[in-house]
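> As you go down the protein sequences, you meet chains D and U in turn. For the first sequence, the positions run 1 to 159 when the working numbering is used. For the second sequence, the positions run 160 to 692 when the working numbering is used.
In short, the hints are calculated from the structure, not lab data. One should not assume that every hint holds.
Pulled a few chain D residues facing chain U out of the computed Cβ check, cut under 10 Å [unchecked claim]:
1. E44
2. S65
3. H74
4. G76
5. P85
6. P106
7. A112
Capping the alpha-carbon separation at 25 Å, the derived lysine to any residue pairs in SDA-like fashion look like this [stated by the list, open to error]:
8. U:K559 with U:R619
9. U:K625 with D:S151
10. U:K433 with U:T450
11. U:K557 with D:H74
12. U:K557 with D:Q116
13. U:K559 with D:D38
14. U:K625 with D:V146
Using N, Cα and C, we set each Cβ at its ideal position, and we do this for glycine too.
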Amino acid sequence: MPTLEASIENAMANDRTATEESRVPKAQRRHKIMVVDDDAALREALNIRLRAHNYEVVNACDGYSALALAQKEHPGLILLDLGLPACDGMTVLKYLRQFRGLESIPVVVLSARDPQTSEQPTLNAGAVAYFQKPADNDELMGVIRVCLEASGTAGRLPS
Amino acid sequence: METPASVLLIEDNPGDADLVRLRLVETDPPVKVDCVPRLSDALKSLAAKTPSLVLLDLDLPDSHGAETFRRVLEKAPNVPVVILSGQDDQSLAMKAVHNGVQDYLIKGDITSKHLERAVRYAMERQALLRSLDMTRKQQLEFKNQFLSHVSHELRTPLTSIHQYVSLVLDGLAGPVSGDQSAHLRTALKSVTQLQAMIRDLLEATRAETGKMRIEPRCIAIGEVIAQALTMMKAGAAEKPVGIEASVDPEIPLVYADPDRILEVLVHLIDNGIKFTPPNGTVRVKACMVETDPSAVYLSVSDTGKGIDQAALPRIFERLFQGGDPMNGHQTGLGLGLYLAREIVTLHGGRMWAASEQGAGSTFSFHLPVYSMSRLLAPVVTDKGKLRPSFVLVRADVKPKTTPPLGNWREACEQALEVIRRCVYVDKDLVLPPMASNGFTDTIYVVASTDISRIAIMLERIEQQMKTVQLLERAGTVSLSAEPVEGIITSAAQTLEQQIQTVAERVQENILWTMAGSRQAAEKESDADPRSVN
């Protein structure tokens, strides 16, 4: 049986061709945000809120599909849960940092895990911010806005 | 096959040693006996290998009495120790047993059978104790894991409730009437309470297992009090209860974790508001006490009905529930005061309460003063004399975005490290970072030099900061330097008094600029309310 790592790399290699096509600039691009969470209800609520803030949203419910979808959709920002099926948020972060074109996507982690144990490791792995669930919506939206502005102007984000 | 029991006999009298050896040789199964005459040899032997039991004479050439068993117990806390003494000293025997010694035998009284039995039982008892201890530790660990799992699991549905209630409240699911909006706000408030309870539950477990952490820095306690008051203003006005603060302007810098102390103050003020009837007052006070210059005293008092004298000694206990704020309901888990006291204790302080029925309660605690003059002494003096001039260098490490993105805490740590590398350890003192407003870290350096020469240090810091990648990406560092003026010392003063004067002037400068930047920040935030929606 192929290892998890091998199957992820495989999936990403297959996706590479498709990616080129989807890079065609759309008219009046809005920022696209990818929500990764295994809780469907929470995904839906976040979708409604993000759309109300005029963002385009794509969703993934596990780590594996998050990586594949990131490759395909090239979101401007990823909102990532840590406890995920298939491969967890930390692994997703690790792989995102290894792939050209994905490594500079800002990742905001939104997890129920204790920040005292999880915040520093996720920031060290390249996330730009850590929120514990339930997060304050104004703060979360503020960080998302700041991240997108920063990646729009500087083109490069702190990691 | 089981390895035979081995006994370490610590006995300086060869005759007594032989006697014990003879008695233990007859036992079945046999016991291996190693004998050493001195405590120092025994400690060495214990470091090398662990015997099944220690037989100990108290009066040795290099140690006597209680000291002997204390040092053995300290070296080998898990090995059963049986004392073999020439003296029938009841109180010493009792003391030994209380310290963890398994048995106290009198040399003249023992027979072979007696000694053998004492040795076996001591080993059994010790094994039992150890397994009890292990079970207790396992249970505690299990409880921890359970609580941390539970709090994680509780957060998931809570997040869903929070999200959907706020969706409706924010009008993202259609228009909301005034009444509906008020009801939803009540629901959201309960979510916040539940969230705080989950957090406290986890914190209490941490406190219990010694895993609670604090990150002390240099803080102006007046600033933290001002922050707490700002946070509590709305809640107090609702009731209405007045909140006032009086801060002694002479208070020096305090060495404490600003977030944790804010947490303590907010909890005490919140409690005060809860237990005070409308139109009452909650007062926060910070002052110095003449008898103890090493601590700052803080208190939060209210004009509520006071605490029952019988309950007073128990209010800091975990899960203690006082009677209700105003009308019979109980709120919270009863962890707030327990956690507040734990936080203060971690800072090396103490917290206590006083109350008078009908007149109100006062919660007091103290925090250690940042003893600047002690730390300044080696750097501001040279050959027993005060150096001629001093400069206060200030570095503001500011994030490029609010809130900062990425590992900002680590970036600040690295900035501090750079500054430490750029100063002269024998002439300059880097103070712990100041918690100023928001995410900006302010680092001060007291440099024993003339203002005209400070440019070199600033240049060095600036160049070195460029090597910190995290900082380059996420923030900026602005440097400034001001001479420390107004240091008037006279020959009549001792060197210590002169150092004290320097410390006072430095603190004044720091407190003054900090208050200034807070006011500026407040003005800014008033003028430009952050709109995120």
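> Each of the hints needs a verdict: does it hold here or not?
Hint-by-hint comparison with the structure:
{"no.": "1", "hint": "E44", "verdict": "holds, 9 Å"}
{"no.": "2", "hint": "S65", "verdict": "violated, 20 Å"}
{"no.": "3", "hint": "H74", "verdict": "violated, 20 Å"}
{"no.": "4", "hint": "G76", "verdict": "violated, 14 Å"}
{"no.": "5", "hint": "P85", "verdict": "violated, 14 Å"}
{"no.": "6", "hint": "P106", "verdict": "holds, 7 Å"}
{"no.": "7", "hint": "A112", "verdict": "holds, 4 Å"}
{"no.": "8", "hint": "U:K559 with U:R619", "verdict": "holds, 22 Å"}
{"no.": "9", "hint": "U:K625 with D:S151", "verdict": "holds, 21 Å"}
{"no.": "10", "hint": "U:K433 with U:T450", "verdict": "violated, 33 Å"}
{"no.": "11", "hint": "U:K557 with D:H74", "verdict": "violated, 31 Å"}
{"no.": "12", "hint": "U:K557 with D:Q116", "verdict": "holds, 23 Å"}
{"no.": "13", "hint": "U:K559 with D:D38", "verdict": "violated, 33 Å"}
{"no.": "14", "hint": "U:K625 with D:V146", "verdict": "holds, 24 Å"}
Hints 2, 3, 4, 5, 10, 11, 13 from the earlier list are contradicted by this structure; the remaining hints agree with it.
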